[in-house]
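Dock chain H with the ligands against chain W, hints included.
One-letter residues, chain by chain:
Protein chains: 2
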Amino acid sequence: MSNKLTIDWDDFLTNYWQKKPVILRDAFSNFIDPISPEELAGLAMEEEIESRIVTNKNGIWDANYGPFIDYSHLGEENWSLLVQAVDHWHKQAATLVEPFKCIPQWQFEDLMISYATQGAGVGPHIDNYDVFIIQGKGCRRWQVGDRNPNYKQFSAHKALLHVEDYLPIIDEEITAGDILYIPIGFPHNGVSIGESLSYSVGFRTQTSQELLSGFADYVIDNLPNGIFYQDPDLKLPSDPYRIQPYELEKLKGQMIDLIKNPALFNDWFGKHITMPMHELNIIPVDPAYDLDEFEEILQSGAELYRVPSIRIVKIDDTAYINGNKIPLPMETIDLLCESEVLYYEQLQDEQTLNVMLEFVNLGYWYFDEE
Amino acid sequence: MSNKLTIDWDDFLTNYWQKKPVILRDAFSNFIDPISPEELAGLAMEEEIESRIVTNKNGIWDANYGPFIDYSHLGEENWSLLVQAVDHWHKQAATLVEPFKCIPQWQFEDLMISYATQGAGVGPHIDNYDVFIIQGKGCRRWQVGDRNPNYKQFSAHKALLHVEDYLPIIDEEITAGDILYIPIGFPHNGVSIGESLSYSVGFRTQTSQELLSGFADYVIDNLPNGIFYQDPDLKLPSDPYRIQPYELEKLKGQMIDLIKNPALFNDWFGKHITMPMHELNIIPVDPAYDLDEFEEILQSGAELYRVPSIRIVKIDDTAYINGNKIPLPMETIDLLCESEVLYYEQLQDEQTLNVMLEFVNLGYWYFDEE
Ligand SMILES: O=C(O)CCC(=O)C(=O)O
Ligand SMILES: O=C(O)CCC(=O)C(=O)O
Ligand SMILES: [Co+2]
Ligand SMILES: [Co+2]
Chain W
1 MSNKLTIDWD DFLTNYWQKK PVILRDAFSN FIDPISPEEL AGLAMEEEIE
51 SRIVTNKNGI WDANYGPFID YSHLGEENWS LLVQAVDHWH KQAATLVEPF
101 KCIPQWQFED LMISYATQGA GVGPHIDNYD VFIIQGKGCR RWQVGDRNPN
151 YKQFSAHKAL LHVEDYLPII DEEITAGDIL YIPIGFPHNG VSIGESLSYS
201 VGFRTQTSQE LLSGFADYVI DNLPNGIFYQ DPDLKLPSDP YRIQPYELEK
251 LKGQMIDLIK NPALFNDWFG KHITMPMHEL NIIPVDPAYD LDEFEEILQS
301 GAELYRVPSI RIVKIDDTAY INGNKIPLPM ETIDLLCESE VLYYEQLQDE
351 QTLNVMLEFV NLGYWYFDEE
Chain H
1 MSNKLTIDWD DFLTNYWQKK PVILRDAFSN FIDPISPEEL AGLAMEEEIE
51 SRIVTNKNGI WDANYGPFID YSHLGEENWS LLVQAVDHWH KQAATLVEPF
101 KCIPQWQFED LMISYATQGA GVGPHIDNYD VFIIQGKGCR RWQVGDRNPN
151 YKQFSAHKAL LHVEDYLPII DEEITAGDIL YIPIGFPHNG VSIGESLSYS
201 VGFRTQTSQE LLSGFADYVI DNLPNGIFYQ DPDLKLPSDP YRIQPYELEK
251 LKGQMIDLIK NPALFNDWFG KHITMPMHEL NIIPVDPAYD LDEFEEILQS
301 GAELYRVPSI RIVKIDDTAY INGNKIPLPM ETIDLLCESE VLYYEQLQDE
351 QTLNVMLEFV NLGYWYFDEE
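Respectively, the protein sequence lines represent chains W and H.
Take the first sequence: its position 144, counting from 1, is numbered 144 in the UniProt record's numbering, and each next residue is one higher.
Take the second sequence: its position 114, counting from 1, is numbered 114 in the UniProt record's numbering, and each next residue is one higher.
Only chain W is shown next, with the shape it has when bound in the complex (with noise of 0.2 Å):
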């Protein structure tokens, strides 16, 4: 009972990814919302989940932070709850995720999902991330306006960092199945009109900034030896005080060499990407398995499902998961990749045996308990 996206990805991407906002009316026909507002507040009661309750009640804007214990006291109007990641830890609403899967893996951060009753929202802001948030139960109306450099943005709570007033370029209500789509950067503001249901799928990428701070540490720990800069032409300068053109052009070529070297940049940045962005269902093993024992549960018929959302990409010959690097031939890779479910006859060999053995204690793939 999954739902089925209808999108003309090639007419999306040529027109809208990254470019400008857009509502596709629709896209989810006769949409089922997968969870129920109860059991989204169930998961925000849980520790390990990520999730906010934003009012807006008398003009006066306040924001919290689950776990959250009671919802009693929040009346019907002009609150709303959202929780993040919940494709890690609900199986249902995971499927929402699935038909986004064609989009670059490594971009992909999480299904965030909010509830919100009659006027709730979340306010005007502008995001660091691409979204398509899809409307579920109820309606919302959405404003949205252009990129634009120069907007203020003000804290109109100190968990709330809001956009001064802008000119909608999109300015509808949404139902069931429709999807908004809105690039970084784009102001937007949703409003429920009556209780509501949407669900975020979020697309984040790297900064220059993280990147490069990134790449740095992990130079130092796996470069020991320092590159030291050398300049053995080096002709008596007419102003020793002043650093040379050549030399600051050198100096850039050194950092510039370490980052096109590509065994450093891609083992760093498998790891890095692959890094949960949010907390994970994982649980270790423990005790943890021996290779007897795993071997024994997998010829006995056990399946192992593999952690939602763990994130896995591909570089090169090699993948990485969840910041390590998989060491198996890419055959077995793609078969890790595209299996959510695997059994023995898939794993036999002793390689691939012993690296799953490993990834399972670590709780990255577990035993289906059924």
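Hint data in this document are derived by calculation from the structure and do not stem from the laboratory.
Treat the hints loosely; a few may be bogus.
One copy or any two copies: either way a pair holds, since identical chains are not told apart in the list.
Derived BS3-like pairs: lysine-lysine, alpha-carbon spacing no greater than 25 Å straight-line [stated by the list, open to error]: (1) Lys137 / Lys91; (2) Lys91 / Lys152; (3) Lys325 / Lys250; (4) Lys260 / Lys250.
Same frame as chain W, but now just chain H with the ligands:
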């Protein structure tokens, strides 16, 4: 009564600089030690001054860091006292680095002075810097080996990294006024014959790792707005788990663009490379002078002295001192670099006075007390 260096710089740079070690005999004719062992021992009693005593008694290496209170237990042989950055603290000793000021100043580290008794030395080792070792009073036997990345290094003591046996390509005794030049990476060992003093003028460069990590920190602090990876030309990939080669190139390009940005790079490098490598003799003015006071003192004829070995560099049309930008025109900066003593007539215009007031209050220049 400064010592005079005679050296054919063109020949030296062409044949030896960062290429191979050499002994320059009698480079300082009639060399006069600018400091006595007693004065050196006195400096090593100061908290702010880095010093070490290394002993090798009965084949056992030991090393201790200063400050030192007493030397009387050390005996007559097999110990030496090494004091770092003496150019920061002892005017006459500092004159020894003057003749080396033709070498790019951004690479200069410090003047290290060692006093050694009969048989003493720090043992065979490899350094991460280029050094001119000027022999003062007494005599040392130096054995220098060839460069080789495969030498094994080991801790002869937790503070002494030694290198395994090597075949000497230089094995000679040097006496007062001789210079031994050793480029980075060549193993060397000096053993004192009788009592001796030696003066190490060191040049240190930046490693790729330091460069990248320092610049990354700067970028994080100075480019608060994230520059996000964007790919509006995205086509659906055949394998969404695979990071495509062009995506990796784009990611690297983003990082490289930061490095190639001259405003960012130059400002960072100027600040970074002028940070002190060893504590400076800086005493901020307390309470700070105000402009009137400052101008009056200058007008009364007092002269300003620059703190010895405070780091200054010029990059393009600006300059940096001790981690700060100098907001003055280049002709004033040239003056500040060339003259170690400044007087009122040179500093009269308002901008210069204001900037110098700030630097004097920070302790970068000080009034001569005489
Ligand atoms: O669901 C909401 O109220 C806010 C959604 C939103 O702004 C987003 O996903 O970027
Ligand atoms: O003075 C000494 O004993 C050691 C000098 C030395 O090895 C150096 O300056 O690199
Ligand atoms: Co948003
Ligand atoms: Co040395």
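We went through each hint and held it up to the structure:
Taking the shortest alpha-carbon separations for Lys137 and Lys91, only the intra-copy value of 19 Å comes in at or below 25 Å, while the best inter-copy value is 81 Å. Within a single copy, Lys91 and Lys152 get their C-alpha atoms no closer than 39 Å, and across copies no closer than 55 Å, so neither meets the 25 Å cut-off. In this assembly of identical chains, the alpha carbons of Lys325 and Lys250 lie at most 25 Å apart only when taken from different copies (22 Å versus 33 Å within one copy). In the homo-oligomer, the alpha carbons of Lys260 and Lys250 lie at most 25 Å apart both inside one protomer (15 Å) and across protomers (12 Å), since each shortest distance falls under that limit.
Consistency with the previously given hints fails for number 2 only.
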